[in-house]
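Starting from the given sequences, assemble the full structure and let the hints guide the process.
Number of protein chains: 2
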Amino acid sequence: MAPERRDALLAFLALGDRLKHTLRAAHTGARRENSAEHAWHVALIAITLAEEVSPRPDMAEVLAMIAIHDVVEIEAGDTFAFDEAGLLTQMARERAAAERIFGMLPPEIGQRLRASWEAFEAQETPEARFAMGCDRLQGFQQQVECGAAAWREMGLTKTRSLVRMQPAIDLGAPFAPMIEALYERAMAEGLLRTA
Amino acid sequence: MAPERRDALLAFLALGDRLKHTLRAAHTGARRENSAEHAWHVALIAITLAEEVSPRPDMAEVLAMIAIHDVVEIEAGDTFAFDEAGLLTQMARERAAAERIFGMLPPEIGQRLRASWEAFEAQETPEARFAMGCDRLQGFQQQVECGAAAWREMGLTKTRSLVRMQPAIDLGAPFAPMIEALYERAMAEGLLRTA
Numbered sequence: 002m003a004p005e006r007r008d009a010l011l012a013f014l015a016l017g018d019r020l021k022h023t024l025r026a027a028h029t030g031a032r033r034e035n036s037a038e039h040a041w042h043v044a045l046i047a048i049t050l051a052e053e054v055s056p057r058p059d060m061a062e063v064l065a066m067i068a069i070h071d072v073v074e075i076e077a078g079d080t081f082a083f084d085e086a087g088l089l090t091q092m093a094r095e096r097a098a099a100e101r102i103f104g105m106l107p108p109e110i111g112q113r114l115r116a117s118w119e120a121f122e123a124q125e126t127p128e129a130r131f132a133m134g135c136d137r138l139q140g141f142q143q144q145v146e147c148g149a150a151a152w153r154e155m156g157l158t159k160t161r162s163l164v165r166m167q168p169a170i171d172l173g174a175p176f177a178p179m180i181e182a183l184y185e186r187a188m189a190e191g192l193l194r195t196a
Numbered sequence: 002m003a004p005e006r007r008d009a010l011l012a013f014l015a016l017g018d019r020l021k022h023t024l025r026a027a028h029t030g031a032r033r034e035n036s037a038e039h040a041w042h043v044a045l046i047a048i049t050l051a052e053e054v055s056p057r058p059d060m061a062e063v064l065a066m067i068a069i070h071d072v073v074e075i076e077a078g079d080t081f082a083f084d085e086a087g088l089l090t091q092m093a094r095e096r097a098a099a100e101r102i103f104g105m106l107p108p109e110i111g112q113r114l115r116a117s118w119e120a121f122e123a124q125e126t127p128e129a130r131f132a133m134g135c136d137r138l139q140g141f142q143q144q145v146e147c148g149a150a151a152w153r154e155m156g157l158t159k160t161r162s163l164v165r166m167q168p169a170i171d172l173g174a175p176f177a178p179m180i181e182a183l184y185e186r187a188m189a190e191g192l193l194r195t196a
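Residue numbers (this note's numbering), protein chains in the order written: chain X, 2 to 196; chain W, 2 to 196.
What the hints contain is simulated information worked out from the structure, not anything from laboratory work.
Some clues are possibly wrong.
What the hints assert, rightly or not - Some but not every residue of chain W turned toward chain X, in silico, with C-beta under 7 Å: (1) 15; (2) 18; (3) 22; (4) 65; (5) 179; (6) 182.
Claimed, not checked - Here are the simulated distance ranges between beta carbons: (7) W/22 x X/124: 48 to 56 Å; (8) W/154 x X/124: 41 to 49 Å; (9) W/24 x X/56: 34 to 42 Å.
C-beta: ideal position from N, C-alpha, C; glycine also.
In structure tokens:
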């Protein structure tokens, strides 16, 4: 292995550490959740639910997408699903970050990882949709389990929340019944406003 | 989906949140790293290095192993690689935790996830060895990048460190050259003692 290739790989992997300091809107315990531990939790959901959908998705693709899906947040930051101003600039910020981050790698590796990220974003394959369902389920369950301070602070309504969650519900089982049970709990606990 | 099955899945996924509070010996920034973000970082290494080894391992298996490999630490805690007393009881603690944690799931899912964990532990397949290489590389690089306070505190020698790292070095490229470069840096920066 050429020293330049070795050093490029080490530099990219060292950069990965920074995703542990990209904070999300949800809490875990008394602190904010970060995007690295979120991504692990999404992978746990994916392997747990892998055989609950038919046909079974290609799990190598699904888990690669999940591992890479938030890496651009190292530079672009996490954009809360209901941050309207942030959402307007999210795509441009994330694309610029992708150029820099994937550009650190030997080209064929950078292109392969970028292709996984693009495939997740494009939502055109069963694998991308399954990964999206796991991602949305994690974000939703994390808020419900941790008291949803971010939802309560902004007065989030169930209707507005559903704009975010409907694509995951539309995947059917197992996502729909799990998310519906979490909505029931969120409403019962006053984490979301009616309407 | 039967409500009992749905609720068992939700309870298992909610339990997963606790791995974000299992602290490791390494630091990330000013705080300790947790096992959930570690597991994500190992997955990032795996997808980055997937095509650097030949034959290419089955990445669905590798990434499932990586996602599950530390889940027993939710109950058993992380055991530092050089904690001799902890290592003596590690297997018994982790097996008891596995019984309880995987036992929360519908049986066929619990058995499948437990099989991934057992396969990683057994180190009998190319996939398990590749996942181990990624796990050791992450732990080592994390210490080197963050100043290795835990190594310096215990006066860890390179010889003793190699007992832990040799299985990953023995995998050859890309692990060997990357780990060797990190050793050079660790020695130059005084993170490990000579001998």
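Comparing the hints with the structure gives:
Interface hint status for residue 15 of chain W: upheld, as the beta-carbon distance to the closest one in chain X is roughly 5 Å, under 7 Å. Annotation: residue 18 of chain W was flagged as interfacial toward chain X, and the flag holds, the nearest CB pair being 6 Å apart, inside 7 Å. Interface hint at residue 22 of chain W: satisfied, since its Cβ lies 6 Å from the closest Cβ of chain X, which is below the 7 Å cut-off. With a cut of 7 Å, the hint placing residue 65 of chain W at the interface with chain X holds, because the nearest CB-to-CB distance is about 5 Å.
Annotation: interface hint on residue 179 of chain W holds; nearest CB of chain X at approximately 6 Å, less than 7 Å. For the restraint placing residue 182 of chain W at the interface with chain X, the shortest Cβ-Cβ distance is roughly 6 Å, inside the 7 Å limit, so the hint holds. Evaluation of the 48 to 56 Å hint for residue 22 of chain W and residue 124 of chain X yields a failure: the beta carbon distance comes to about 32 Å. Between residue 154 of chain W and residue 124 of chain X the C-beta distance comes to about 48 Å, which sits within the given range of 41 to 49 Å.
Here the CB-CB span from residue 24 of chain W to residue 56 of chain X is close to 40 Å, well matched to the stated 34 to 42 Å.
Checked against the numbered hints given earlier, this structure breaks only hint 7.
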